[in-house]
Amino acid sequence: MTEVILIPKRNVDIKLEADIINPDSFAGKSAEEIGNLPIWQGPRTYPLCEFFEVKVNGGSSEAETIIRIKGDASRVKRIGEGMSAGKIEIEGSAGMHLGTGMKGGEIFVSGDTDSWPAMEMIGGLLHIKGNAGDHVGCAYRGKWHGMKGGRIVIEGSARHQVGGGMDGGEIFVEGNVEGFCGIRQTGGLIIVKGRALRGVGAEMTAGTIVIGGKIERFSPGFEYMGIEEGLTLGGVELKGKFKKFIGDYAISTRAKGVLYVAVDTNTEL
Amino acid sequence: MEVLLITGSTIEEGRLAKGGDKFKAEYTKECAACWIATVDFVTLCSPEKVKVTSKNGKHSVVVYAKCTDSVRPGNVFMPKAIWTNVVVDPDTLSTGSPLYKGAPVKIEPTEERVLSAEDIVLKVYVRGQ
Amino acid sequence: MVFKNIVCPACGAACDDIQVELGDGTIETKNACKIGNVKFKEIVSSHRLRQPLINKGGRLIPVPWDEALEKATYILTSAKRPLLFLGSEISCEAHEAGLHIGEYLGAVVDSNTSIYHGPTVMGVQEAGKVGATEGQKKNRCDLIVYWGTNPLESIPRQMSRYEVFPRGYWTKRGRFDRIIITLDPRKTLTTEASDFHVQLTPNSDYELISALLTLLHGKIPHPSVEEITGVPISAMEELLYMMKNCNFGFISIGLGLSSSIGKHRNAEIVMNFVKEINKFTKFALGVIHAHCNVAGFNQVASYMYGYPFGLDFTRGYPRFNPGEFTTVDMLREKDVDAALVVCSDLISNLPADCATYLAEIPLICLDIVPCPTTVISDIVLPGVIDAMECDGTFYRQDDVPVYFEPFTGSPFEFTKSNEDTLRQLFAKIRKTK
Amino acid sequence: MAGTIVIKNGYVFDPLNEIKGEIMDIFVQDGKVVTGLSAAELKTGTFIDAFGKTVMPGGVDSHSHVAGSKVNAGRVMRPEDHYKATIQKTSLLHSGSGYTVPSVYKQGYDYAAMGYTTVFEAAIPPLEARHTHEEMRATPILDMGGYLELGNNFFVMRYLREGDIWRAAAYVSWMMKTHKTYGVKCVNPAGVENWGWGKNVSSLDEANIHFEITPREIIKGLSEINECLGMPMPLHLHANNLGHPGCYTIAKESLKIPDVIKPRQNMEVEWAEIKMNPAKNRSVYLAHLMFNSFAGTTWADLESGVKELAGYINNKDHVVIDSGCVPFGEATTMTGDGPAIHDIYTLTGNKWSNKDVEMECGSGVLPFTYLKSNPVHSVQWAMGLECLLLINDPWKTIMTTDSPNGGPFTKYPEVMTWLMSEAYRKQTLSECHKWANDRSEIGGVRRELSLYDLAILTRANPARTIGMAHRKGSLGVGADGDITIYNINPQQLDPNNYEALLRTFRKVEYTIKGGEIVVAKGEVVSIPEKRTYYSEVHVEDEKEKEMLADVKEWFRYYTLGFANYQTPKKYLANPTPIQVNGKR
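Chains as they are written, first to last, in numbering that gives the first Met the number 0: chain A, 0 to 268; chain B, 0 to 128; chain C, 0 to 432; chain D, 0 to 583.
In short, the hints are calculated from the structure, not lab data. Because the structure is a prediction, the values reported are computed rather than measured. In this text, a Cβ means the ideal position worked out from N, Cα and C, and glycines have one as well. Hints may be right or wrong, so weigh each one.
What the hints assert, rightly or not - Label-pair ranges, simulated between beta-carbon atoms:
id, chain 1, residue 1, chain 2, residue 2, range
1, C, SER159, D, GLU211, 27 to 37 Å
2, D, PHE46, A, ASN35, 38 to 48 Å
3, A, GLY81, D, ALA38, 50 to 60 Å
4, A, GLU49, C, TYR73, 17 to 27 Å
5, C, GLU404, B, GLU25, 32 to 42 Å
6, A, GLU49, D, PHE46, 42 to 52 Å
7, A, GLU267, B, THR42, 51 to 61 Å
8, C, SER159, B, LYS57, 35 to 45 Å
9, D, ALA548, C, TYR73, 52 to 62 Å
10, D, LYS551, A, GLU215, 54 to 64 Å
11, B, GLU117, C, GLU66, 36 to 46 Å
12, C, LYS79, D, GLY35, 52 to 62 Å
13, C, LYS33, B, VAL41, 30 to 40 Å
14, B, GLU117, C, GLN50, 19 to 29 Å
As the list claims (entries may be wrong) - Here are the simulated DSS-like cross-link-like pairs (lysine-lysine), alpha carbons at most 25 Å apart as the crow flies:
id, chain 1, residue 1, chain 2, residue 2
15, C, LYS40, B, LYS50
16, D, LYS568, C, LYS3
17, A, LYS147, D, LYS83
18, B, LYS23, A, LYS213
19, B, LYS122, C, LYS333
20, D, LYS520, D, LYS506
21, D, LYS551, C, LYS3
22, C, LYS171, D, LYS551
23, C, LYS40, B, LYS23
24, D, LYS569, C, LYS3
25, A, LYS255, C, LYS278
26, C, LYS333, B, LYS57
Unchecked claim - Non-contacting residues of chain A with respect to chain D, defined by C-beta distances greater than 12 Å in every case (computed):
id, residue
27, GLU2
28, ILE4
29, ILE6
30, ASP23
31, VAL55
32, ILE121
33, ASN130
34, GLY141
35, GLY155
36, GLU177
37, GLY186
38, ILE226
39, THR231
40, GLY234
Generate coordinates for the entire structure from the input sequences, incorporating the hints supplied.
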C-alpha cells in the first residue's frame, strides 16, 4: 500500500493537464520520480513538482496506490484519466475530464467537478460530493456510445447531457439535472433524485432512467405504460409510486427505453 | 420585469456593421435597442429607455426601448451587437456558443444614458484603466 | 473601370454576379444587396485602417510595418497559451496560414463558427447532414421551411437567388411554385413573406421537432408538448402533412434553432427529422450563414487537421472539444493569455465576462476598419479586403467553393493580402521560436 | 544530387517489364529511372543496399476517396473517428487526426509509409472540383489526380438523349479542362438524378424522370465518348443497384454494354521503356466489384455472386476491376451514389450525410463498422478477396478497399496478406460468422498470390489501367523514380508466417519518390514536391464553340455564374496536363 500526497503549491493560471496523476503511473515510484512526471500547461510540460508538493508514505507496493490531493484542483484537467486500479481522493474540486475513460479503481471528490467527469467510463467508481458540470459519463462528440460500465455517484447536482450514449453502468444523482439526461442511452441505469429540466431520455432506445423530482418539460416521444410501485433498481430501493413510460419514439419506432417518473412530483404527466 | 431575450440580425444592423460604421450615432440608434411587446411596454409605462440586466445580475446595459407586436409578451428582441452581448450569458452549455436566443434577463425603465459602442468598451470592459 | 462577376464578401450567400464600377475614389455596384453594397464601399471609405498601429498609453499610434509584426511576434511567442481567432471575412488561404501558425505555436485556433453556428456543426457530428447545393432548391424545391432564421434581414438575396423567388428548372413560376413555412418566436420580414408562420415559444424547438418525429413514426406525442411549444398537436399534424406531401422539401436553419437552449441537440434533432422524412419524400437541410466565409474555415480546418472549429494544438496534435477549446469558454475561464484576432470584431460579439478578459490580455488585431476590437488592441494591423483587393477562396453556406479574383490590388506596399500578412508573421515567429 | 539514387542487389519485381524477382540494381537520376550512373554521380547520389529485400515500383492507388467535399463531410461529421487517431507534429511533419477519414497531412504520410506514391481520387463533383483540388494540393508527397462524375450530368444526359454524341464528347472534353480532372467517372447512371426526387432506378432499361434516359444509354454513351476522345483510362463505372442483394446481375449486364467498344488511348506522353504493351486494352473499369456482386434476393438469403461475375470477366478481355475489399473494423462509407447511402441509412439508422450537387451529381456519407460476427459483413470480406482470387488474370484486377468504404487504406497490409497467405485466410475465416464460408467460395480457394502478382495488383495494373504506365507502375528507363522496398527476402518467403508479412507490409523499409527517400523504416523523412495530373482533352474548335453556346444558355439553372465555374490552375500542385486527342 502506497499513499501519495499532492499538495497544490500555488494558484494555477492557465489550466493544467495532468493525466499522469493516476495510480497506474505513480505505482512503484518514489516521491522524486513522481515529482518529475510531466504535466502540461499550454504547449509546454513541467515537472509535477512545479505545481504540487509530493509526499509518499508507505512501501512501494504496486498493487494499491492511493493518491490524495490536498487542496483545490479545479484548474487541473484529466486527473485519473484511463486509470485501471487504485484510488484518488481529492480534498477539493477537480477540473475537466476527471477519470475520463477510467477502467477501474475509485475516485472520490469532496468538492465539485467541471465537465466531462468519467467520459466513456468502463469500470470503477467515481464519487462526487459536490456538483458536476456537463457531460457526466457521456460519450465523446459525435460518438453514440458513452459509459459502458462502472458507477458514478453525485451527491449534488449535475448539468446537461448526463450519461449521453450510455451503454451500461450506473449513474446516481442526488440533486438535479438540466437538459438531455440519458440522451441516446442504449443501456445502463440513471437515477436522479431531484428535478430535471428537459430532454430526459431523449433519443434513448434502451436502458433505464428514473427521475424523482419534477420534469419541467417532458420528452414528447414517450408513451405511458402504467404505474409501478416498490421498484428496486441497481440495488437501490425507490420509495413511492412511479409512472412508467417507454420511448423515445421520436428516434425509433422500436425504441425500448424505460423512463420512470415519480408520481407525486409529476401529477400532470 | 423578467423576460426572455432573443437577439438577431436586422438589415440596418448588417448594413452599418458591414459598412464599418459601428462608431456612428446611427448604429447606436439602431442597435442599442430593446423591442418590447406592447402589453409589456405599457406595463413598464412606455419608457424611452430600459436597463437590461443579465440573469445573474452581474451585468447591465441601457438601451432605447421600442414597442412592437413582433414578439409575444414576455419576450424581447435586441439586434445582435455589442449592447446585447453585455447581458448575454457567457455559459455555453459546453458548446462554445453563448445563449443568444431565449436567455432570461430583467428589464426596467431607466433615465441613465445609452453608451456608444466605443464607450461600452472603454467604460464597461476596460474599467479602471 | 467596370468589372463583372465579382464575388461579394459580405455574407454566406457569396453572390458571384456583382458588377463593380471603380472610379477614382468612388465605387458603384450593381446586383449587390444593401449589406453587400456597403461592404464594397469600404474600399474607398475614409475610415479605412491604412497603417499599422500600436497602443501607447491608451492611444493607437502609427508604427512601421516591421515593428508592428515584431511586436505581434513577441506577444504570440511569449504567451503561455495564445488564442488565434480567424474571422470569416478572409479567404481559406488566410485560414490555412493562420492554422499553420496555431499548430506551430501549440495554440488554440478558432473561428466565427464557434460563437455562432458551432452547435449546428455539432448537430451534424451527432446526426449527419442531409443537404444539397443551393441550385437543388432553386430547380426543384416546392416547400421551404425557415427554422429560426430571418434571411430577408441577414442574407438579403438568399430568397431571390436560391430559395424562394428564382425560376428554376422544375419551378418555372418561381415563388408561385413554392410553399414557404417559417418557424420563429418572433414576427419578422421573413415570416411576413411566408405562407405560414408557426410562432413557437422560445427554447422549445427540440420538443417541437421531437413531437413531429413521434408523429412521423405513427405515435401521438405526449400532450404536454402543446403547452411547452405553444403549438397544438393538430397544427403539428398539418405541418407534417404538408412536409410529407411535397416533392422536394428543404429546411433552412438559422441561429434561432441552434443558439437557443438545447443548442446542438436542437440541430441534431432537426437533422434526424430530415433523415427520417426522406423515407416519405425528398428532403434536405441547409444552414444560413450571415457571415461570409464561415463555412470555409470549417472546411479548411477539417481537411488540414480533422476538426471544423475550436482546434487545440497544445499537445502537438489537434484536439476538439467545444466548451473546453472554444473562444467564449476559454476567455470566460481565463484559460488563454494572449490573442490574435483576424477580421472579426470579436469584442462586440462576446458576452461581458469574456470581453473584459480579452481587454486585459495582450491583443493583436487585423482588420480593415476601426471597430470596438481595435479600440482595446495592443497592435492593429491593417487588413486587405478579400475578393476586392486579392484573390482566394470562399466557401458558400452550402459548402460550394467559390474562387474570387480581385478588381484592384492591395493598397499597401507591405502586404499583398491577409494571407500574406499571416505568412510574414509566421516567418517571424519561426525565426524567434 | 537530389533525385539521384542507386538501389543495389534487391530482388526486383517489375511486372510491366516482366521482371520477376531478379536481383538487379536500379538507378535513378533527377527523379527518373536511368540505365546507370557514372562514378561521379554514384558518389554524390544516395546508395541503398537492398540485398535480401524486395524492390517494386511505388504503389499506385487508382481508386481511393481522399479529397473533396464528401471526404471532408466525413471528417466534419466524425470527431469520434479522430480523437484517438492522432499524429504529433515534428520539425518536419504536420500533425493530424483521423482513422477512416484522416486529415490530409496524415493521409499523405500514411500512404507513403505503406510504399504508395500515387493516389487517384475516384469521384469529383464538378461544382466541387475546386475543393477536391484544394485538398489534393494540401496532401503531401503523393502524386494525384481524379475522375470527374458525369453519369448524371444534365448536359450529358440531354445530349445523349438527343443522340448528339459529339456534342456530349465536346462537353466532356471541356469539363476535363475546366476542372483539371483526369478521367470519366459514372456513378449509378440515371439513378442519382432520380435521387433528386428521392428515387432511384432499378434496372438498366428504366428511364429516369424527366430526362427519360436509361442507365444503359448513359453507360454506352459515356464509354463511347471516352474512347472517341482517346482518354487515358477506361470509363470508371460504379454500376447501378449497388449494395443490394441480387445486384450482381445488373453489374454483369452493365459490363456487357462496353464489350463492343474498342479501347483507344490517344495521349501525347513520353513513355518509359516497357516490355509489355502498356496501352489501354479495356473499355470498362468497374469500381469496387465486391459491392456490385451480391447474389440472393434478400439479406436473409444473401450470398456471394463474385463467382458468376469472375466467370464472365475470365472469359472477356474488355473488363478490369478494382476489388473494394472489406478488412473488418471501422469504415466510412462514402460515394457519389446518394440513394445507395440512403439505403444503408434505412438499414442501420446511423449518422447520415448527403449532398446533392445541382445539375451534376450527388453523394452520401455514413459511418459503418464491419464486424466478423455479422453474417453479411463476413460474406463481404470473403467476396472482396474472391474478386481478386477468382479472376485468373491479375492484369484484370486491382487491389483496393474503396477506401474508406470497405475500410481505410491503412488496412492494405491485411488485404495483401490475405491474398498471399491461405493460412491467414483460414485463420480469419475461423473467426468469422459461418456465412463467410457457407455463402462464398473463399474457403475452397487455394490460390496464394506471389509477390509478382501483388506487384501487378498494387502497382503495375493500376498504373496501366488508368494510363499512367508511361511514368508510374514500372521501373523501366524513363519511369518516375518511385520505388518501394519491402523487407522481404523472396527466397525465404513463407506465406504461413503471415504475422511477418503483415509487419513488413505495414512498415516499408523505404519509400522513394522521384529518387528521393521519403520513408525509411516506416518513418517519413522528407516531403518532396508532388504533381497533379489531368487530361487536357481536345476537340475541334467549332464543336466546342457550338457546345459552349448551349451550355452557357443552360447555366441559368446553376447558382454559380459561368465565369466563376472553372477551376483555376492555382488549385493544383505542379499541374501536369496530359494532352489527349491531339494537341492544339
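Okay, the hints, checked on the actual structure:
The beta-carbon spacing between C:SER159 and D:GLU211, approximately 32 Å, falls within the hinted interval of 27 to 37 Å. Our hint of 38 to 48 Å for D:PHE46 and A:ASN35 holds, since their Cβ atoms are close to 43 Å apart. With their beta carbons about 58 Å apart, A:GLY81 and D:ALA38 fall inside the hinted range of 50 to 60 Å. Distance hint check: the CB atoms of A:GLU49 and C:TYR73 are about 24 Å apart, consistent with the given range 17 to 27 Å.
The given range of 32 to 42 Å is respected by C:GLU404 and B:GLU25, whose C-beta atoms sit roughly 33 Å from each other. At about 48 Å, the CB distance of A:GLU49 to D:PHE46 agrees with the hint of 42 to 52 Å. Evaluation of the 51 to 61 Å hint for A:GLU267 and B:THR42 yields a failure: the beta carbon distance comes to about 29 Å. Checked against the given bound of 35 to 45 Å, the beta carbons of C:SER159 and B:LYS57, roughly 43 Å apart, stay inside it.
Look at D:ALA548 against C:TYR73: about 59 Å separates their beta carbons, and that is inside 52 to 62 Å. Here the CB-CB span from D:LYS551 to A:GLU215 is close to 59 Å, well matched to the stated 54 to 64 Å. For the pair B:GLU117 and C:GLU66, the beta carbons lie near 26 Å from each other, so the given range of 36 to 46 Å is not met. Range check, C:LYS79 to D:GLY35: about 57 Å between beta-carbon atoms, so the 52 to 62 Å window is met.
Hint check: C:LYS33 to B:VAL41, Cβ distance near 33 Å, so the stated range 30 to 40 Å holds. The hinted range of 19 to 29 Å is satisfied by B:GLU117 and C:GLN50, whose Cβ atoms lie roughly 20 Å apart. Restraint check for C:LYS40 and B:LYS50: not satisfied, since their Cα atoms lie roughly 35 Å apart, outside the 25 Å limit. Proposed proximity of D:LYS568 and C:LYS3 is supported: the alpha carbons are some 21 Å apart, at most 25 Å.
Of the supplied pair hints, the one linking A:LYS147 and D:LYS83 holds, its CA atoms being roughly 17 Å apart against a limit of 25 Å. Between B:LYS23 and A:LYS213, the direct Cα distance comes to roughly 50 Å. Violation of the 25 Å bound is thereby established for this hinted pair. A hinted pair counts as satisfied when its Cα atoms are at most 25 Å apart, and B:LYS122 with C:LYS333 qualifies at roughly 21 Å. Proximity of D:LYS520 to D:LYS506 is assessed by CA-CA distance (about 6 Å); at most 25 Å being required, the pair is judged to hold.
Restraint check for D:LYS551 and C:LYS3: the C-alpha separation of about 16 Å stays at or below 25 Å, so the hint holds. Distance check on the hinted pair: C:LYS171 and D:LYS551 sit about 18 Å apart at the alpha-carbon level, within 25 Å; holds. At roughly 16 Å between alpha-carbon atoms, C:LYS40 and B:LYS23 fall within 25 Å of each other, so this suggested pair holds. Distance hint between D:LYS569 and C:LYS3 is fulfilled; the C-alpha atoms sit about 21 Å from each other, no more than 25 Å.
This hinted pair checks out: A:LYS255 and C:LYS278 have alpha carbons roughly 22 Å apart, not beyond 25 Å. Taking the CA atoms of C:LYS333 and B:LYS57, the gap is about 18 Å. The hint holds against a cut of 25 Å. With a cut of 12 Å on Cβ distances, A:GLU2 stays outside the contact zone with chain D, its closest approach being about 32 Å. Non-interface status of A:ILE4 relative to chain D is upheld: no Cβ of that chain comes within 12 Å, the nearest being about 32 Å off.
With a least CB separation of 32 Å from chain D, A:ILE6 remains clear of the 12 Å interface cut-off, as annotated. No Cβ of chain D approaches the Cβ of A:ASP23 within 12 Å, the least distance being about 18 Å, so the stated non-interface status holds. For A:VAL55, the requirement that its beta carbon stay farther than 12 Å from each beta carbon of chain D is met, with the minimum near 31 Å. For A:ILE121, the shortest C-beta to C-beta distance to chain D comes to about 14 Å, beyond the 12 Å cut-off, and the non-interface label holds.
Every CB of chain D lies more than 12 Å from the CB of A:ASN130, the least distance being 26 Å, so the non-interface label holds. For A:GLY141, the shortest C-beta to C-beta distance to chain D comes to about 4 Å, within the 12 Å cut-off, and the non-interface label is violated. Every beta carbon of chain D lies more than 12 Å from that of A:GLY155, the smallest distance being close to 29 Å; the non-interface claim holds. A:GLU177, annotated as away from the interface, keeps every beta carbon of chain D farther than 12 Å; the closest lies near 23 Å.
Distance check on A:GLY186: its Cβ is at least 16 Å (rounded) from any Cβ of chain D, clearing the 12 Å threshold; non-interface status holds. Every Cβ of chain D is farther than 12 Å from the Cβ of A:ILE226; the closest lies at roughly 32 Å, confirming the non-interface assignment. With a closest Cβ-Cβ approach of about 33 Å to chain D, A:THR231 is found to remain outside the 12 Å limit, as its non-interface label requires. The beta carbon of A:GLY234 sits about 32 Å from the closest Cβ of chain D, which is more than 12 Å, so the claim that it is off the interface holds.
Hint violations for this structure: numbers 7, 11, 15, 18, 34, all remaining hints satisfied.
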